[in-house]
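Chains L and U are the protein sequences, given in the same order. Mapping to this note's numbering: the first sequence position 232 is 232, numbers consecutive. Mapping to this note's numbering: the second sequence position 496 is 1496, numbers consecutive.
Hints were generated in silico from the structure; no laboratory data involved. Remember, it's a predicted structure, so these values are computed and weren't measured experimentally. Hints may be right or wrong, so weigh each one.
Stated by the list, open to error - Subject to a maximum C-alpha distance of 30 Å in a straight line, what follows is the list of computed BS3-like cross-link-like pairs (lysine-lysine):
1) Lys93(L) <-> Lys1553(U)
2) Lys1506(U) <-> Lys1488(U)
3) Lys1373(U) <-> Lys93(L)
4) Lys1100(U) <-> Lys1258(U)
5) Lys1373(U) <-> Lys1395(U)
6) Lys1488(U) <-> Lys1100(U)
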Amino acid sequence: MAAVAEQTTVIGLRPAVAGRNPWALAWRRLRRNRVALAALGVFLLIVLLSLAAPLYAHDIAHDGNVLSPNLNGTTLVNGKVTAVMQQGGGVLKLGEAPIGPTLDVRHYFLGADGIGRDVAALLLYGGRASLQIGVTSAVLCCVVATLIALIAGFFGGLIDTILSRVMDIVWAFPAYLLAICLATVLLTKSTGIQIAFLHVRAASLWTPTVIIGLIYVPYVYRPVRGQVLSVVNKEFVEAAIAQGASNVRLIFSEILPNVVSTVIVLLPLMIATTILTEAALSFLSVGVQPPNVSWGTIINNGQQLLYTRPWVSIAPGIMIVLTVLSLNVLGDGVRDALDPRAKLRVG
Amino acid sequence: MQRIGSKKSKLSGKTRLGSLVVLTIAALTAAACGGSASPSSSSSSAATGHPGGVFTILANSAFGVADPAQNYTLEEWQLLIDTHDGLVTFAKQGGIAGTKIVPDLATSIPAPTNGGKTYVFHIRKGIKFSNGEVLKPSDFVTTFKRQFTVPGPTSFYSGIVGASSCNTKGCDLSQGVIANNSASTLTINLTAPDPEIMDQLSLPFAMAVPGSTSLKLTGNNVPPGTGPYMWKSYNPNTEAVLVRNPYFHVWSAAAQPKGYPNEIIEKYGLQVSDEVTQVENGQADEVFDGDQIPSDQLTTLNSAQYANQVHVNTLTADWYMALNTSHAPFNNKLARQAINYAANRAAYVKIAGGSSLAVPACQILPPNFPSYKPYCPYTTGAQTVWSAPDLTKAKQLVQQSGTAGDKVVVDSTNDQVGTALAEQMVSDLNAIGYQASTQLLTASNQYPYVQNSANSATWGVAWSAWYQDYPAPSDFLNVLLGCTSIHKNSDASPNIAEFCDPAIEKLINQAESAEATNPSKAASLWTQVDHMDTQQAPWVDLYNPKQIDVLAKSVHGYQWNPQWYILIDQMWLSS
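For reference, chain L alone in the conformation it holds in the complex (with noise of 0.2 Å):
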């Protein structure tokens, strides 16, 4: 904090700027930042819409559960009483396709999936899972990545060589490849995965979220180890020694304020990537594990409709694209907020 005030005050062109608490200016730049701003309302919205799926199943659960299969029941089509999944026509009468949309938000708006659930409203609980995922294996994920990093930073010599090592065994296999192996071996194993005394069941959706959290450990860790390593022989850590600070509080007292920027500038980038892993992982069935469904789940389940029922897939392919596009945004516009060299650009 206190090179980040130093600097503040050393570069800053306005002496009433100066004095300013970093994180007040970095908030006045996002603001200023429209763009920006505008992303942070599409995801928010997107995560109000989820949060209320409830809501909207209520009127249309059947059975109690919207993501029980549903494939012998009905619904209200103008007024009448219609089959959900309806036999093929013709001599044959090959085939079940589910009911198309209805644009009625209370049968079926955007129509069925191949088991006869409400597309509509698997969009938005599949929004929870994959939001909940991507951002806390984002957060479990700069977690990790940071205490590495400043252990490592910090001490340096055999403990950075030992850490960073790792990191690079890590980081050299194929992120997905190495997702899916995780993945494909967790799942298989009934009693689930006992962390201390942490107990994830299989098909939980900590079994996805802790597998992506990890996987990308690596790529957080080294631009922050990088941030440690500039910042750890700086005069006012020198300081903090000379003043008997342990090392406990020089990492979380003198070093770690001054990194955590470059953290938040990667976490809503790391939200992004873990929720198209997330939805990769799905898709490929070993992320998100029935009854739970996820936007990764649905496309992959609307696979074989896409001829007929297009929506299934392209539904939940435009949320994940708004999603990560509007963290992207949001990320780039953060990155310009914290960046000390965008200090330039405040009026």
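We have chain L; now place chain U onto it with these hints.
Positioned in the frame of chain L, the structure of chain U alone reads:
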């Protein structure tokens, strides 16, 4: 018998042997199969056909290693029956006539001697392999040795004298398969009578290859055969090409008639949806019938313009959920019966593509199968045909069993259909008071995983499917639910439910013994076994599937054989 995505397994006598690894997803609907043809499965007279042209089949993927001693897929078998012959074979005809075993390279089907343990075949003369070599009885010695020296499902012939000491390093069948070239006879000695030996000899594994063929795996080089076609090339990444065998002549029209196309090409690598489009457009002649057509493309096939190009046939196969009888809650008979009452089979049928593509089932034996008599205790209404789930009865049984609230893991494949079946089963289980979840694995992993007892603590319900090897009740009742089909800690243990009932096992033994001496009594016993198994409920039988063949407009002479399915070389093309 085979299940989707994996190779078949077979019980021979008392020894159940290996199922192999999946070669291709296209092997989906497994090897041999039986059933009754629907009205759409025409059986056109061969007399009206005309030879010539190139018949092109499109398949999503190839069938793996082509050596006929190893390959265990319908995809290659449909071609092998056009290039090779055995001592006997299933008649190459459509409809129920195709289940009859007729002599092929043997002049007749011999009656057993030596208490049912010895068969003496007289081999036809004047038949040549596609490389010009003359067929001799001693060629069969090599053929049978290769069943053991080439890694494969040797269990089919493990009852031959000397087979027990054979392995991939060597094989001495001098007492089990005795060739007399001068007398043109081949004697097969068995260690015990086997009433199903003719069925087993009709499979492609027992088709003759030249005596000079290596006893090692020949990889993708298929040894010469005696059929109307020969293998010109096979590349799993591109195509297989069959051309006419210049040495072929018809010796038995029932066993091996002359084929119509000059050339048969099977191309690999297209998406199934593209295969259908190309065949609809006349750019190819057939969609390989093991490829699963996407559900929304099925609806396009309902168009009247394709009415003569699409054929649907009932398979003698079961799609089922095995209940783990070695662990709670399904080590309790009442719990097993409860989920059988609760299973909404109408929903499972819809997942399979609707009532045109599947029939709800309760019992082990499929319809149109020897010893089959309709029986369905797990339904409302009359107890012969399933009509609706009985949730009241199911919940009552769950309470009586004391298993309410138990956690149940449903294991299935992670493809579209496997996932949907698992989700429906979870819904059915939750509806009667269990706490169910899914465990989805890739198709190639799931089958060996659920067979291995080392994993049995990790699941309560496991999806599986079975297609007949040949039309014999033991192929379902003994192989899938006999006590001798349980092989602890083995990936080849087809009794997935680990169900073993001493009373039923006793009846199975009686039925097998009676097959040779009193077939009608045996048939009656097998029916009894089927119904007793159904009462004990080691499975939730879901449905019996049907199969779709999609052909180009220019294709004529479609015939569907219950054992081999579509008879490729018996179709001809418009000039």
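Cross-check of the supplied hints:
Note on Lys93(L) and Lys1553(U): the hinted pairing holds, with a Cα-Cα distance of about 20 Å set against a maximum of 30 Å. Restraint check: the Cα-Cα separation between Lys1506(U) and Lys1488(U) comes to about 21 Å, which is no more than 30 Å; the hinted pair holds. Annotation: proposed proximity of Lys1373(U) to Lys93(L) holds, straight-line Cα distance about 27 Å (limit 30 Å). A C-alpha spacing of about 19 Å is found between Lys1100(U) and Lys1258(U), which places the hinted pair at or below 30 Å, so the restraint holds.
For the proposed pair Lys1373(U) and Lys1395(U), the alpha carbon gap of about 28 Å is at most 30 Å, so the pair holds. Only pairs whose Cα atoms come within 30 Å are accepted, and Lys1488(U) paired with Lys1100(U) is rejected, the gap being roughly 36 Å.
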